[in-house]
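K.L.:
All chains, please: the whole structure from these sequences, using the hints.
Chains as they are written, first to last, in this note's numbering: chain A, 1 to 490; chain B, 1 to 448.
In case anyone wonders, no lab produced these hints; they're calculated from the structure. Please read all numbers here as calculations on a predicted model, not as lab measurements. For glycine and all other residues, C-beta sits at the position ideal for the given N, C-alpha and C. Treat the hints with caution; some may be incorrect.
Just a few of them, taken from the derived set where beta-carbon distance is under 10 Å, the chain B residues facing chain A [claimed, not checked]:
id, residue
1, Val355
2, Leu368
3, Ala371
4, Ala384
5, Asp400
Each chain, letter by letter, is given below.
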Amino acid sequence: MSPLTLLWVLPLAGAAACLLAGRFGRTAARLCALASSCAHAGACLAVIKPFIAGGGAGLIAVGGEPLAFGVSYLLAADGFSLALIGLTSFLTLVCVVSSWELEVSAAYWANFLALASALCGVFLARDLFIFYVFWEATLIPMFFIIGLWGSENRRHAAVKFFLFTFAGSVFMLLALLALVSAHHGATGVWTWDLQALKSAPLGAAGPWVFAGLLLGFGVKIPVVPLHTWLPDAHTEAPAAGSVMLAGVMLKMGLYGLIRVAFPLFATLSEAWAPWLAGLAALNAVYGALCAMAQTDLKRLIAYSSIAHLGFCLLGVLSRTDQGLAGGGLQMINHGLTTGALFLMVGFLYERAHKRGLADFGGLAVRAPWLTFFFGFSMLASIGLPGLNGFVGEFMSLSGVAHSAVPLLSVPFFAVAGVVGVTLAAAYALPAYQAVFWAPEAPQSVSGRVTDLDAREKGILWALSALMLWIGLAPQSWLTLIEPSLRGLVR
Amino acid sequence: MILLPQAALAGGVLGALGLGLLRRPPALAVRALTFLAPLAALLLLPMTPAGLLPPLIAVDIKCLGWQLVIYAAALPLALRSSADDVEAALFLGVVLGMGLLTAAGNLPMLFLALEFMSLPAYLLVARAGTGEGGRRLEAAVKYFFAGALAGGLFLLGMALYYSQTHLLGPSPRPVGLLAQGGVTLMAAAALFKIGAAPLHWWLPDVYEAAVPEVTGFLSTAMKAAAVLFLMRVVQLVPSANFAPLLPWLGAASSLFAAVMALRQESLQRLLAYSSMAHAGLLVLGVGAWARMGQSPVAAAAILFYLGAYAFMSNGTFGFLAATGLRTRAQLKGYARRQPGLALAFAALLFCLGGVPPTGGFVAKLLVLWQAVAAELPGPAVLAALSALISLGYYLGLVRDLYFEEPVMESPAPGGACARILVLVCAFGALALGAAPLLLKDLAGGFWR
Numbered sequence: 001m002s003p004l005t006l007l008w009v010l011p012l013a014g015a016a017a018c019l020l021a022g023r024f025g026r027t028a029a030r031l032c033a034l035a036s037s038c039a040h041a042g043a044c045l046a047v048i049k050p051f052i053a054g055g056g057a058g059l060i061a062v063g064g065e066p067l068a069f070g071v072s073y074l075l076a077a078d079g080f081s082l083a084l085i086g087l088t089s090f091l092t093l094v095c096v097v098s099s100w101e102l103e104v105s106a107a108y109w110a111n112f113l114a115l116a117s118a119l120c121g122v123f124l125a126r127d128l129f130i131f132y133v134f135w136e137a138t139l140i141p142m143f144f145i146i147g148l149w150g151s152e153n154r155r156h157a158a159v160k161f162f163l164f165t166f167a168g169s170v171f172m173l174l175a176l177l178a179l180v181s182a183h184h185g186a187t188g189v190w191t192w193d194l195q196a197l198k199s200a201p202l203g204a205a206g207p208w209v210f211a212g213l214l215l216g217f218g219v220k221i222p223v224v225p226l227h228t229w230l231p232d233a234h235t236e237a238p239a240a241g242s243v244m245l246a247g248v249m250l251k252m253g254l255y256g257l258i259r260v261a262f263p264l265f266a267t268l269s270e271a272w273a274p275w276l277a278g279l280a281a282l283n284a285v286y287g288a289l290c291a292m293a294q295t296d297l298k299r300l301i302a303y304s305s306i307a308h309l310g311f312c313l314l315g316v317l318s319r320t321d322q323g324l325a326g327g328g329l330q331m332i333n334h335g336l337t338t339g340a341l342f343l344m345v346g347f348l349y350e351r352a353h354k355r356g357l358a359d360f361g362g363l364a365v366r367a368p369w370l371t372f373f374f375g376f377s378m379l380a381s382i383g384l385p386g387l388n389g390f391v392g393e394f395m396s397l398s399g400v401a402h403s404a405v406p407l408l409s410v411p412f413f414a415v416a417g418v419v420g421v422t423l424a425a426a427y428a429l430p431a432y433q434a435v436f437w438a439p440e441a442p443q444s445v446s447g448r449v450t451d452l453d454a455r456e457k458g459i460l461w462a463l464s465a466l467m468l469w470i471g472l473a474p475q476s477w478l479t480l481i482e483p484s485l486r487g488l489v490r
Numbered sequence: 001m002i003l004l005p006q007a008a009l010a011g012g013v014l015g016a017l018g019l020g021l022l023r024r025p026p027a028l029a030v031r032a033l034t035f036l037a038p039l040a041a042l043l044l045l046p047m048t049p050a051g052l053l054p055p056l057i058a059v060d061i062k063c064l065g066w067q068l069v070i071y072a073a074a075l076p077l078a079l080r081s082s083a084d085d086v087e088a089a090l091f092l093g094v095v096l097g098m099g100l101l102t103a104a105g106n107l108p109m110l111f112l113a114l115e116f117m118s119l120p121a122y123l124l125v126a127r128a129g130t131g132e133g134g135r136r137l138e139a140a141v142k143y144f145f146a147g148a149l150a151g152g153l154f155l156l157g158m159a160l161y162y163s164q165t166h167l168l169g170p171s172p173r174p175v176g177l178l179a180q181g182g183v184t185l186m187a188a189a190a191l192f193k194i195g196a197a198p199l200h201w202w203l204p205d206v207y208e209a210a211v212p213e214v215t216g217f218l219s220t221a222m223k224a225a226a227v228l229f230l231m232r233v234v235q236l237v238p239s240a241n242f243a244p245l246l247p248w249l250g251a252a253s254s255l256f257a258a259v260m261a262l263r264q265e266s267l268q269r270l271l272a273y274s275s276m277a278h279a280g281l282l283v284l285g286v287g288a289w290a291r292m293g294q295s296p297v298a299a300a301a302i303l304f305y306l307g308a309y310a311f312m313s314n315g316t317f318g319f320l321a322a323t324g325l326r327t328r329a330q331l332k333g334y335a336r337r338q339p340g341l342a343l344a345f346a347a348l349l350f351c352l353g354g355v356p357p358t359g360g361f362v363a364k365l366l367v368l369w370q371a372v373a374a375e376l377p378g379p380a381v382l383a384a385l386s387a388l389i390s391l392g393y394y395l396g397l398v399r400d401l402y403f404e405e406p407v408m409e410s411p412a413p414g415g416a417c418a419r420i421l422v423l424v425c426a427f428g429a430l431a432l433g434a435a436p437l438l439l440k441d442l443a444g445g446f447w448r
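P.N.:
Shown next, in the form of structure tokens:
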């Protein structure tokens with residue numbers, strides 16, 4: 001079995017093993033999940049390390065064994081894919097460890113591992129049929145994760161999450177079908193191979209097909225008018241579910257744009273770039289403004305994700321080396337920082353069963369470690385120099401300012417980005433202050449909050465170390481993602 | 001030789017009638033006959049060659065493919081039917097009628113087969129099962145009137161067609177307005193049988209009132225026969241006037257049914273509307289098939305859809321039969337009581353919703369693909385919207401099943417046979433998601 005196949009089969013096998021182990025009790029299932037996610041992380045490292053050692057410019061590919069309907073089993077991984085697969089694997093491990101003490105059935109672990117498998121499949125597939133199948137397959141485990149283990153409003157949020165994404169991807173599917181049919185019309189060959197489809201002649205239907213793809217990916221990012229599923233899903237999901245949602249699943253949308261939509265429609269994507277950049281700028285500002293208005297800590301972080309994804313999109317749209325690398329890096333950064341923040345809100349919720357800003361106060365005295373890690377991740381998230389968020393946002397915005405794409409280098413977009421960065425501080429710092437540093441109000445539930453234990457601290461140390469590493473020495477990460485991104489978008 | 005499967009079924013009908021002559025027909029023999037006759041028809045299918053018995057019978061590859069789906073879709077009801085000899089004869093009569101319809105070589109034979117398949121079906125709806133007899137009788141009468149109307153339309157259309165062309169089969173040349181009108185009337189009869197809006201008014205009542213197993217049979221085997229019926233009508237003339245309408249009609253019908261299903265409280269009525277939504281997609285597929293010069297690829301896509309749907313619909317109605325659940329309220333929290341059955345039902349619902357990697361996804365994909373390839377973007381977008389709305393209630397059912405607390409007593413589940421049937425259907429529906437890719441020789445034959 002090729003190592004790339006192993007990357008998506010391993011967690012799936014782990015999911016099945018967890019279900020079987022569940023027959024022997026909850027501890028067995030838990031141990032099985034830990035073993036599977038460790039094995040997956042090991043497999044990822046085993047693939048990524050030689051790749052980086054080789055300069056990061058190569059491409060690992062698997063076969064193209066043709067199946068029916070023009071579909072072929074085509075997997076490939078460049079640095080960008082590998083970085084996201086690494087992130088998936090790492091965050092899955094984080095989720096398993098952070099949920100260790102939850103009293104949940106084996107299905108919980110199985111769903112997380114199945115999700116990791118589908119996500120890896122998305123990042124590996126180079127055949128659009130396979131890509132679409134994996135893309136949709138991610139929805140089923142997440143639907144159950146939100147619906148079965150979420151908080152009060154979980155039922156509604158689970159269905160909303162599924163329907164919104166499906167709404168986008170149905171039109172994406174129609175667009176792909178049009179593309180495949182057009183290619184067949186011109187060449188007489190049925191194929192779903194991404195590389196081959198670049199030459200599909202679409203004629204007047206081109207803008208519609210591109211719009212279908214944008215709709216599919218835009219819902220997932222989410223781009224602002226299509227974002228309304230996100231706050232509900234992220235707020236209602238269990239902590240680990242929010243980590244996967246924000247950490248990896250939002251990246252699917254950008255990944256799809258970069259991997260599929262932009263290469264297939266090089267001219268159109270350049271022509272539409274100013275409009276898309278306008279939406280991205282709107283994301284950055286509107287997401288931040290919404291976050292300022294929140295009284296629920298988890299919802300606040302959910303809205304901040306919308307803002308952060310706006311920066312990523314701006315960077316990618318600029319088509320400069322800096323912007324691309326910054327956008328790509330910011331995808332990883334957001335996974336780490338927002339993942340850490342959601343985890344900590346989860347720890348708070350486990351202890352106090354509340355998430356409101358007004359429900360706490362004075363936690364700095366009661367839980368100093370939590371205060372430290374929360375402050376650290378939050379500063380990383382708003383872009384303090386020396387931490388990872390700064391590198392990503394700075395590169396994205398400077399890329400936009402130097403962009404050669406017509407209309408994109410006008411100061412408007414960069415200025416909107418800077419406004420977004422400023423607003424980030426304006427929503428994050430008051431929230432941090434209210435929860436951790438303000439005096440305890442009489443109705444406060446801070447009394448229930450105990451400080452982090454060793455397991456929780458361990459997870460957060462790992463996440464924080466990565467944030468610091470990227471912040472101080474981003475070069476090793478950039479060598480992984482930059483060459484492949486440059487090849488993709490230009 | 002070319003009518004081997006039909007002969008097996010005819011033998012079954014005669015056998016059931018013969019057993020009925022005994023004072024007390026042996027239950028085991030009746031059950032065995034009911035199950036073995038369609039099974040024998042299915043097993044004889046690979047030995048059946050294509051051929052002609054002019055002018056009545058024409059067996060082509062499409063006919064054989066459709067028989068495969070019809071007999072397979074009839075098996076669950078065959079397995080679950082009661083030991084009543086009259087019911088056995090009625091059921092086998094319906095299947096025989098369907099078998100004859102697939103092989104009909106000219107219009108009078110098509111009409112005969114249509115009636116042969118329909119008349120016992122009305123009685124089957126009225127008679128099968130126990131309890132609530134009044135409602136079933138009412139539904140059967142409604143079904144009968146709708147069917148009689150369809151039959152009348154068909155006869156009138158045939159008369160008009162014959163009066164101008166003097167043909168009882170396909171016309172090689174373009175025909176005049178009168179004959180076109182006749183063909184349109186015949187197509188209306190077919191759409192009646194399929195249950196496409198606006199000729200669907202009988203469908204929700206009948207599908208709701210019949211016992212779930214019978215509804216499963218009607219929504220799969222009967223639908224397959226009716227779709228082939230429509231395709232035969234389209235084939236009558238080189239360019240039928242109504243054919244360009246079919247994609248729009250199908251997509252609109254699907255959309256309408258999806259919206260109607262959203263608000264249903266009765267599970268069986270919800271699934272009835274869901275079945276109508278699927279039928280709309282099939283009509284869209286027939287429209288695409290007609291537009292692309294009756295391409296075998298599109299026919300294969302329709303057949304695959306029918307095959308996948310046979311598993312899905314028999315499975316979901318089988319679930320209702322096995323559990324005795326009637327309303328959505330009873331479904332709440334059912335996964336805690338019967339995890340295995342609930343998992344199978346959830347898998348079937350994801351299949352019906354067309355979520356990858358299931359057979360339902362591949363089926364929807366193939367039909368939508370044909371619509372896109374036939375340059376029908378409008379109907380394709382409507383159909384996609386319908387799929388999206390449908391997913392709303394399928395997910396709603398999964399939510400009820402898994403995420404809600406049990407609120408009321410649900411009836412005790414049925415026997416092992418019914419449960420195994422649901423599991424087999426769920427497995428089949430899931431497996432069809434991978435099969436077309438792996439069985440590339442089979443699919444590739446159609447595809448090239």
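K.L.:
Is the hint on Asp400/B kept, meaning its closest Cβ partner in chain A is under 10 Å away?
P.N.:
9 Å, holds
K.L.:
Measuring from the C-beta of Ala384/B to each C-beta in chain A, is the shortest one below 10 Å?
P.N.:
4 Å, holds
K.L.:
Closer than 10 Å between Cβ atoms is the bar; does Val355/B clear it against chain A? Give me holds or violated.
P.N.:
Val355/B check passes; min Cβ-Cβ to chain A is 6 Å, inside 10 Å.
K.L.:
Holds or violated: the hint that Ala371/B contacts chain A, with Cβ atoms closer than 10 Å.
P.N.:
8 Å, holds
K.L.:
Should the hint that Leu368/B touches chain A count as held when the rule is a Cβ pair under 10 Å?
P.N.:
At about 6 Å, which falls below the 10 Å cut-off, the nearest Cβ of chain A leaves the hint on Leu368/B intact, so it holds.
Every hint from the earlier list agrees with this structure, and none is contradicted.
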